[in-house]
Amino acid sequence: MSNTPRPPQPQPRPVRVKAIYRFTAQLPTELALDPGDEIEVCEMSDIGWTYGRCLASGRSGWFPITYCDINDVGVETQ
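In my numbering, the protein residues as written are 13 to 90.
There may be inaccurate statements among the hints.
16 Å max Cα-Cα, derived EDC-like pairs, lysine to aspartate or glutamate [claimed, not checked]:
| # | residue 1 | residue 2 |
| --- | --- | --- |
| 1 | Lys-30 | Glu-50 |
| 2 | Lys-30 | Asp-46 |
| 3 | Lys-30 | Asp-81 |
| 4 | Lys-30 | Asp-58 |
If you anchor each label on the Cβ, the simulated ranges turn out as follows [to be verified]:
| # | residue 1 | residue 2 | range |
| --- | --- | --- | --- |
| 5 | Pro-17 | Ser-57 | 30 to 40 Å |
| 6 | Ala-68 | Pro-40 | 16 to 26 Å |
| 7 | Cys-54 | Ile-32 | 33 to 43 Å |
| 8 | Cys-54 | Tyr-33 | 15 to 25 Å |
| 9 | Arg-18 | Ile-59 | 17 to 27 Å |
| 10 | Pro-26 | Ile-59 | 38 to 48 Å |
| 11 | Gly-60 | Arg-18 | 11 to 21 Å |
| 12 | Asp-81 | Pro-17 | 39 to 49 Å |
| 13 | Arg-34 | Met-56 | 12 to 22 Å |
| 14 | Arg-18 | Trp-61 | 34 to 44 Å |
| 15 | Pro-17 | Met-56 | 31 to 41 Å |
Don't read these hints as lab results, they were simulated from the structure. Yeah, the Cβ is synthetic: ideal placement off N, Cα and C, and Gly gets one too.
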């Protein structure tokens, strides 16, 4: 067993999406979107809602992923 430290592992690049439609938040936990907003994705649910942070405003909340272009900014689709 070696005492040599392991090199640091590369950190995954944050996933970002771009809003293509306006979304008006109805609850305090939701994130309002304007077309062109870039959002850093923090968590994705299996029911179409995503938790993220708007890079322009710094606000965070849940929003419908269908209102965003997931290929425009950096999400790889399978």
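Practice prompt. Verify the proposed pairing of Lys-30 with Asp-46, using a straight-line Cα cut of 16 Å.
Written response: holds, 9 Å
Fill in: Outcome of range test on Cβ distance (Arg-34, Met-56; 12 to 22 Å)
Once the Cβ atoms are compared, 21 Å apart, the range 12 to 22 Å for Met-56 and Arg-34 holds.
Practice prompt. Hint says 38 to 48 Å; check whether the CB-CB distance for Pro-26 and Ile-59 agrees.
Written response: With a Cβ separation near 22 Å, Pro-26 and Ile-59 fall outside 38 to 48 Å, so the hint is violated.
Worksheet item: Lys-30 and Asp-58: Cα distance at most 16 Å?
Response: At roughly 19 Å apart (the allowed maximum being 16 Å), Asp-58 and Lys-30 break the hint.
Worksheet item: Is 39 to 49 Å right for how far apart the beta carbons of Asp-81 and Pro-17 are?
Response: Holds, at about 41 Å.
Discussion item. Looking only at beta-carbon atoms, does the pair Ala-68, Pro-40 fall within the given range of 16 to 26 Å?
Written reply: holds, 19 Å
Discussion item. Taking 17 to 27 Å as the stated bounds, is the beta-carbon spacing between Arg-18 and Ile-59 within them?
Written reply: For Arg-18 and Ile-59 the Cβ distance comes to about 38 Å; the hint is violated.
Worksheet item: Per the hint of 30 to 40 Å, is the separation of the Cβ atoms of Pro-17 and Ser-57 within bounds?
Response: Since the Cβ atoms of Pro-17 and Ser-57 sit about 37 Å apart, the hinted range of 30 to 40 Å holds.
Discussion item. Given a hint of 31 to 41 Å, does the C-beta separation of Pro-17 and Met-56 actually sit inside it?
Written reply: holds, 33 Å
Fill in: Distance restraint evaluation - Arg-18, Trp-61, Cβ atoms, bounds 34 to 44 Å
holds, 37 Å
Worksheet entry | Pair hint Lys-30 and Glu-50, alpha-carbon separation not exceeding 16 Å | holds, 5 Å
Worksheet item: Within 33 to 43 Å or not, the Cβ separation of Cys-54 and Ile-32?
Response: violated, 20 Å
Violated hints, listed in ascending order, are 4, 7, 9, 10 and 11; each of the other numbered hints is respected by the structure.
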